[in-house]
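Protein chains: 2
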Amino acid sequence: MENFLRKAKEASRVISTLSPKIKNQILLAMADSLEKNFQDILSANAKDMTVGRKDGLMQSLLDRLFLDENRIKSMSKGIREIASLKEPVGRVLEGWINKDNLKIEKVSIPIGVIGVIYESRPNVTSDTAALCFKSGNVCILKGGKEAKHSNEAIAKILEQVLKEHDLPMEAIMLLPDYSREGVSKLIKMDKYVDLIIPRGGEALIKYISSNSTVPVIKHDKGLCHTYIDKDADFDKAVNISVNAKVQRPGVCNAMETLLVDKEIYKEILPLLKERFDEHGTKLRGCSECCEVIDIKKATEKDFDTEYLDNILSIKVVDGLDEAIEHIQKYSSNHSESIITQNYTVAEEFLNRVDSSCVYVNASTRFTDGGEFGFGAEVGISTSKLHSRGPMGINDLTTYKYKIYGNGQIRE
Amino acid sequence: MENFLRKAKEASRVISTLSPKIKNQILLAMADSLEKNFQDILSANAKDMTVGRKDGLMQSLLDRLFLDENRIKSMSKGIREIASLKEPVGRVLEGWINKDNLKIEKVSIPIGVIGVIYESRPNVTSDTAALCFKSGNVCILKGGKEAKHSNEAIAKILEQVLKEHDLPMEAIMLLPDYSREGVSKLIKMDKYVDLIIPRGGEALIKYISSNSTVPVIKHDKGLCHTYIDKDADFDKAVNISVNAKVQRPGVCNAMETLLVDKEIYKEILPLLKERFDEHGTKLRGCSECCEVIDIKKATEKDFDTEYLDNILSIKVVDGLDEAIEHIQKYSSNHSESIITQNYTVAEEFLNRVDSSCVYVNASTRFTDGGEFGFGAEVGISTSKLHSRGPMGINDLTTYKYKIYGNGQIRE
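Line by line, the protein sequences are chains G and A.
Read in order, the letters of the first sequence are residues -12 to 398 in our numbering.
Read in order, the letters of the second sequence are residues -12 to 398 in our numbering.
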């Protein structure tokens, strides 16, 4: 493992200084090569599907695992889109002259070697590899065991393109040891690895946060809230709440808990129930809720659960303060929204809630690299430091100061 | 400990939303109060000095520990300067409209609760408290054991000012348990603590990095290099090298290793030796060096040592590539400088060396919050993520996205 990571670090010296033109040429060649060699990917994927069915994987997981020619084309399209993004390295973030006439430039640079740990979908392999490459980083990818053959086939094609361009194949690599032990070793290798990005289950993320000596940017669960203020526009409130829950319930930016101001809950809850019923949403509510609409009683545990399903907890709160208190207690710092026409209340919510993304009068479903205009994303950070919210290619950079002198010494 | 940290977290909700005006009023009141109550600090400091002398502390440590009225005045001056800095919270870092006409603003916010672990000098206590307060953060301070009484007296005065302004005293607190065990507990409390900043010895920093579940920004050693290229202006090369080593050898931005291009070492080494001899610098060199000037032979270990003393290792290298290789192997990613008149070589050095601060034709001694124009600093980050180099008040913030909608739902 150590030898492998040393090579990754060496590769990062090469990759970090490539010109935008060459990086983009290579990305386009990778996109072409995935399409050209689609049969290799399909036969590898077939093996994964066979193993998956034998192991009794859930149908939803099998669906995510499955590849066909169209899905491979869309992987290539994703890489071409990443190639077309603006160069993330070398941006001058700030610049000034200090009192001694030194020119100080704060410039974006690649992070170095990034370990990304994720689950099932094989397209994450090509997306992540392309995002890291575009931003001048070496990536060490550890996908789900169930997608092992598919990921190997994809990585092999990408590595081959690197080789054809005389670049170190170690710039895009799968973690050689796919076991939990492999991950345990990886996260201790701060000498060679600059960042770990874990995406996936809570247990995995907790394990990595507790044991990693490498800095971690977590892509944890999304326990997202929407708060309907007494001064909300009811139409907007209902539309946004329904959209936040049902448009795609299985994703991290979907709403899990709806908070409703006690001054309006008797009026709005029946309207909400009618619309949620149309979408078959299973509602659970606090005792005040249950007096107004006929739904299941919510438990304390409900408010602490990311359902990732068409289920919603509802709670009546005594105004903004209690709404914010509830959010501070249960939120995973992903995305929260307030629905209100009141300027002061909106601003107070925006200022006091410290989640990555805080909305007024919009659905939490917009927390997404594509929707933010980043083109593509590595995931959604729920960490508080370095990068928050959707992580695009710019978030895969750090910075250094370049200082231009003319013989200055310190007095 | 947990109860104490829960209160710190609660205090951070209050401190994070204070207006600049109130924060600055309080900082000025703190500066005044330190001066007014200087006798309390002096008698506490006298206790520390007595214990220190009894325990046989080195004279240099006793000097750093010692306070008099002037030193207390300069602590107050430091706080007043921090009060005068531009507000770090609420800066709009970026802002745009997405395709759905959502207004997305990336805004700076306080990090939350920050644990700062540092050594000896009591003025760090007031500086760090003021920097954290100005940036809307709660700080938990763990100073050196030898300064315990002084730090307690200073913190008590600052806390009293908070109390007089009806603010939670937990916003500025000393870690209640001053032992290593206290630190061990603190760095596991990711539920309440958002960031740990360790300043100080290598062993402490290594221990914290390996055991913390809270994100860490290291303020590690500075093993800084200067490389004299064959196209260097010799006057600048000598002046800058001497300044980088001798102006203040005991600090982290002082040079520890001088690299000299083999095409010029025979000419420049005698010039360097003459000037270093004037300052009593102890030189150690590679075998090529020792053929030209009469100095001690450097060992492998010398090149891996932060002397923090008037000692310098010198190595002859075969051009830019070998210089960069040496730096990549031994550097602590703090500050490196190249001396050259060659444009292409300068740019290549700036681009390929990934330390926090990379210089051309200037002394590494400029890596400092004051010199950078930040006003004051918490320290110099040698971490690669979130903040690098001198950390001023802006580096004590993170960000969130505020998203202003008008009923947008995701299609």
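Possibly wrong hints are sitting among the right ones.
Pairs involving identical chains hold if they fit within one copy or between any two copies, as the list cannot separate such chains.
Said to hold, decoys possible - Listed next, the in silico BS3-like pairs over lysine-lysine satisfying Cα-Cα at most 27 Å (straight line):
#  : residue 1 : residue 2
1  : Lys172    : Lys193
2  : Lys90     : Lys73
3  : Lys269    : Lys86
4  : Lys253    : Lys175
5  : Lys208    : Lys(-6)
6  : Lys93     : Lys73
7  : Lys135    : Lys283
8  : Lys288    : Lys175
9  : Lys86     : Lys223
10 : Lys217    : Lys41
11 : Lys(-4)   : Lys208
12 : Lys178    : Lys260
13 : Lys208    : Lys260
14 : Lys90     : Lys288
15 : Lys208    : Lys90
16 : Lys217    : Lys90
17 : Lys178    : Lys316
18 : Lys284    : Lys269
19 : Lys143    : Lys172
20 : Lys175    : Lys208
21 : Lys143    : Lys253
22 : Lys34     : Lys283
If you're looking for bench data, these hints aren't it; they were derived computationally from the structure.
Nothing here was measured: the structure is a model prediction, and the numbers come from that model.
Evaluation of the provided hints:
no.: 1; hint: Lys172 with Lys193; in the structure: both (16 Å within a copy, 17 Å between copies)
no.: 2; hint: Lys90 with Lys73; in the structure: both (25 Å within a copy, 21 Å between copies)
no.: 3; hint: Lys269 with Lys86; in the structure: neither (64 Å within a copy, 32 Å between copies)
no.: 4; hint: Lys253 with Lys175; in the structure: neither (54 Å within a copy, 44 Å between copies)
no.: 5; hint: Lys208 with Lys(-6); in the structure: between (33 Å within a copy, 26 Å between copies)
no.: 6; hint: Lys93 with Lys73; in the structure: both (18 Å within a copy, 19 Å between copies)
no.: 7; hint: Lys135 with Lys283; in the structure: neither (41 Å within a copy, 57 Å between copies)
no.: 8; hint: Lys288 with Lys175; in the structure: between (34 Å within a copy, 25 Å between copies)
no.: 9; hint: Lys86 with Lys223; in the structure: between (53 Å within a copy, 19 Å between copies)
no.: 10; hint: Lys217 with Lys41; in the structure: neither (53 Å within a copy, 67 Å between copies)
no.: 11; hint: Lys(-4) with Lys208; in the structure: between (30 Å within a copy, 22 Å between copies)
no.: 12; hint: Lys178 with Lys260; in the structure: neither (55 Å within a copy, 35 Å between copies)
no.: 13; hint: Lys208 with Lys260; in the structure: within (26 Å within a copy, 60 Å between copies)
no.: 14; hint: Lys90 with Lys288; in the structure: neither (56 Å within a copy, 35 Å between copies)
no.: 15; hint: Lys208 with Lys90; in the structure: between (43 Å within a copy, 25 Å between copies)
no.: 16; hint: Lys217 with Lys90; in the structure: between (53 Å within a copy, 23 Å between copies)
no.: 17; hint: Lys178 with Lys316; in the structure: between (36 Å within a copy, 11 Å between copies)
no.: 18; hint: Lys284 with Lys269; in the structure: within (11 Å within a copy, 77 Å between copies)
no.: 19; hint: Lys143 with Lys172; in the structure: within (23 Å within a copy, 45 Å between copies)
no.: 20; hint: Lys175 with Lys208; in the structure: both (24 Å within a copy, 21 Å between copies)
no.: 21; hint: Lys143 with Lys253; in the structure: neither (59 Å within a copy, 51 Å between copies)
no.: 22; hint: Lys34 with Lys283; in the structure: neither (43 Å within a copy, 65 Å between copies)
Taken one by one, the earlier hints fail for this structure at numbers 3, 4, 7, 10, 12, 14, 21, 22, listed in ascending order.
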